[in-house]
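Visitor: Sequence:
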Amino acid sequence: MDDTLLAGQDRDKSRIVELVSQLNAASEAYYGGRDEIMSNYEWDTKYDELSALEAKTGYILPESPTQNVSFSEEESSVDGQKEAHEFPALSLAKTKSVEDLQKWADNRPIWISWKLDGLTLVLTYDNGSLTKILTRGNGTIGTNITYMKDALAGFPLHLSYKGHLVVRGEATISYTDFERINDSLDDDEEKYANPRNLASGTLALDAKHLDKVRSRSLTFNAFTLVYLEKQLSSWGERMDFLQREGFTTVEHELTDAEALPEVIDRWTQKVEHGEMDIPVDGLVITYDDTQYASSGSVTGHHATRGGLAFKWQDTSAISLLDHIEWSCAASVITPVAVFDPVQLEGTTVSRASLCNLSELERLGLGENRKTVLEVIKANKIIPKVIAVKSREGTYSIPTVCPVCDAPTSVTVSMSGTKTLRCTNPICPAKNLKKFERFVSRSALDIDGISSETLKDFINEHFITEFADIFHLSEHADRIKAMEGYGEKSCENLLAAVEKSRQAVPARVIMAMSIPLIGMDAAQRIIRFLGWEGFLQRLENSQGFDDIPGIGAERSGSILSWYADEKNREMFLRVLEELQIENTPPEAPSGGTCQGLTFVITGDVHTFRNRDAFKAYVEQQGGKVAGSVSGKTSFLVNNDASSASSKNRKAQELNIPILTEDEFISRFGS
Numbered sequence: 017m018d019d020t021l022l023a024g025q026d027r028d029k030s031r032i033v034e035l036v037s038q039l040n041a042a043s044e045a046y047y048g049g050r051d052e053i054m055s056n057y058e059w060d061t062k063y064d065e066l067s068a069l070e071a072k073t074g075y076i077l078p079e080s081p082t083q084n085v086s087f088s089e090e091e092s093s094v095d096g097q098k099e100a101h102e103f104p105a106l107s108l109a110k111t112k113s114v115e116d117l118q119k120w121a122d123n124r125p126i127w128i129s130w131k132l133d134g135l136t137l138v139l140t141y142d143n144g145s146l147t148k149i150l151t152r153g154n155g156t157i158g159t160n161i162t163y164m165k166d167a168l169a170g171f172p173l174h175l176s177y178k179g180h181l182v183v184r185g186e187a188t189i190s191y192t193d194f195e196r197i198n199d200s201l202d203d204d205e206e207k208y209a210n211p212r213n214l215a216s217g218t219l220a221l222d223a224k225h226l227d228k229v230r231s232r233s234l235t236f237n238a239f240t241l242v243y244l245e246k247q248l249s250s251w252g253e254r255m256d257f258l259q260r261e262g263f264t265t266v267e268h269e270l271t272d273a274e275a276l277p278e279v280i281d282r283w284t285q286k287v288e289h290g291e292m293d294i295p296v297d298g299l300v301i302t303y304d305d306t307q308y309a310s311s312g313s314v315t316g317h318h319a320t321r322g323g324l325a326f327k328w329q330d331t332s333a334i335s336l337l338d339h340i341e342w343s344c345a346a347s348v349i350t351p352v353a354v355f356d357p358v359q360l361e362g363t364t365v366s367r368a369s370l371c372n373l374s375e376l377e378r379l380g381l382g383e384n385r386k387t388v389l390e391v392i393k394a395n396k397i398i399p400k401v402i403a404v405k406s407r408e409g410t411y412s413i414p415t416v417c418p419v420c421d422a423p424t425s426v427t428v429s430m431s432g433t434k435t436l437r438c439t440n441p442i443c444p445a446k447n448l449k450k451f452e453r454f455v456s457r458s459a460l461d462i463d464g465i466s467s468e469t470l471k472d473f474i475n476e477h478f479i480t481e482f483a484d485i486f487h488l489s490e491h492a493d494r495i496k497a498m499e500g501y502g503e504k505s506c507e508n509l510l511a512a513v514e515k516s517r518q519a520v521p522a523r524v525i526m527a528m529s530i531p532l533i534g535m536d537a538a539q540r541i542i543r544f545l546g547w548e549g550f551l552q553r554l555e556n557s558q559g560f561d562d563i564p565g566i567g568a569e570r571s572g573s574i575l576s577w578y579a580d581e582k583n584r585e586m587f588l589r590v591l592e593e594l595q596i597e598n599t600p601p602e603a604p605s606g607g608t609c610q611g612l613t614f615v616i617t618g619d620v621h622t623f624r625n626r627d628a629f630k631a632y633v634e635q636q637g638g639k640v641a642g643s644v645s646g647k648t649s650f651l652v653n654n655d656a657s658s659a660s661s662k663n664r665k666a667q668e669l670n671i672p673i674l675t676e677d678e679f680i681s682r683f684g685s
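Just so you know, we're using the numbering used here here: the sequence shown kicks off at 17 and counts up by one.
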């Protein structure tokens, strides 16, 4: 054989080994809930190159990602047992060609739906009850996380259907919840890279941390009914069945091959126009005829008729770096690349977050105006620098915080991520969560001031404390000139600020971020004392523990907060900006639950959830306790015959046990 040909084959094989190693390392980081070491764009490009080389040479490594379903490495630490899937969770073949989709669809009715960017779960039901939740794992063996059933959303615990049922879906976290959760992390906690990264870390939590799982609003989106004992041969009818049973299902639309280009364009525009709060990384087409779909063969780890995934053809643009901007929020100082404007996915892009110092090092940015960047919009939404095409010199890391001028420090997380932080414990940027609460709907409800707006205004030194929000008009000219604002949006924002000056007392208390005091506690205080009574007790250092539902801990928290001179002066400056309703205390009134103490356990079916049930009892003058004791008036349990500890305790103490319907009959207003 020709030496040149042999050398070429050796190069191809060497490149295959290199690509397999790089792709598997990136997948391990991605599925393990750690920082990404490669963008989706880069991964897809390398995967396509690997597929082409394997087809050309016939040289395929057993560990190649083309031969294996991605396995979630974090599952080794999940508090659950490994179990085989009843039906293998195969992956979908992928294409970036609409013509390939049309050819695959043939002349059959097909459904289009989102390819959600989360983690696949498989749910099993028997006799009308959820019996098992498995992670996808490697497609053959998953991890049993049934212990999370009460902490996840999007599926019912009980069905009206009593047969054997298996349903597969994607567990996702919305962009809104992702931002909320990242912002809620303590200063020394590492931020999550994206919603999928957060979802992965959440499903790795053990049974001791279900409250944390619940707080992250992880939602199951059913995308296929795998098995049903009764005959339903239409995929659409199966999804309708799941919706009737109470599942959240992935959005879907019936179409055909001829209409596919128009439908795909219309769905793609939803992503490009920012209409999707759930992370998606493509589309999926599925045959409506499930019997035909199941008749295909299995090639590698794909079922040939099980569905076909469509991934968008990412477009990149080349631009010149203008400068690196350093933005501080919650003590983390994030580098942002500001570059010459480019057109991407129908919009003008000129900024992209660089996440942290590790990403700066990975990209190897150079000096301003001497660095050429390649930029994409990841999943058609988030601007991202994927490569540096050329550079001279290097970047410099700021030694002082851009908000308060305090010294900065570099911290390294357990995963090795380098982050720049402000060392000032009272830097205004560290109070972002408090500012968000101040302007939120449940507090002063200042429309138009988002978390990103607050970050911008803090970094521009417009806001250092709550009262500064009412003086944003002094910076109107500068706000109008800022990217993304303009004259109209500035006018609307300032009008919302002025409107918020007319304030409701409970909302003002809520806005102050007093530890342990939320809206429920604030409303209790105002109902009991009125606004003037609340202010008088603050000035006199008189406690609030005589108010029903407040108690000694919350009372002490309020007094400690007001005793701090900085808090007190800040509060008084806010009061100077507001016109607050002089709400008097409410006259005491009875209710159907007046003087009674209830313990509520188990599932509820009339009230939205147990929190809503509790709120009703308290509204009617009653109390809700967490455990059964001699002070309990009634235990509410829809399974009155169960052998639970609360039922046994109630029976020992001769405490009546009511079903939810019996409670409503006796105590409904």
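Source of the hints: derived by calculation from the structure; they are not laboratory data. Values in this document were obtained by computation on a predicted structure and should not be read as measured data. Ideal placement from N, C-alpha and C gives every residue a C-beta, glycine not left out. Don't take each hint at face value.
As the list claims (entries may be wrong) - Here are the computed lysine-lysine pairs in the DSSO-like style, where the Cα-Cα straight-line distance is at most 30 Å:
#	residue 1	residue 2
1	K112	K228
2	K639	K228
3	K286	K327
4	K29	K72
5	K165	K496
6	K449	K405
Unchecked claim - Label-pair restraints from in silico Cβ distances:
#	residue 1	residue 2	range
7	N40	T480	29 to 37 Å
8	E592	A169	37 to 45 Å
9	E269	F103	22 to 30 Å
10	T363	L532	42 to 50 Å
Visitor: State the violated hints by number, sorted upward, taking the hints as numbered earlier in the document.
Guide: Hints 1, 5, 6, 7 are the ones this structure does not satisfy, whereas the remaining hints hold.
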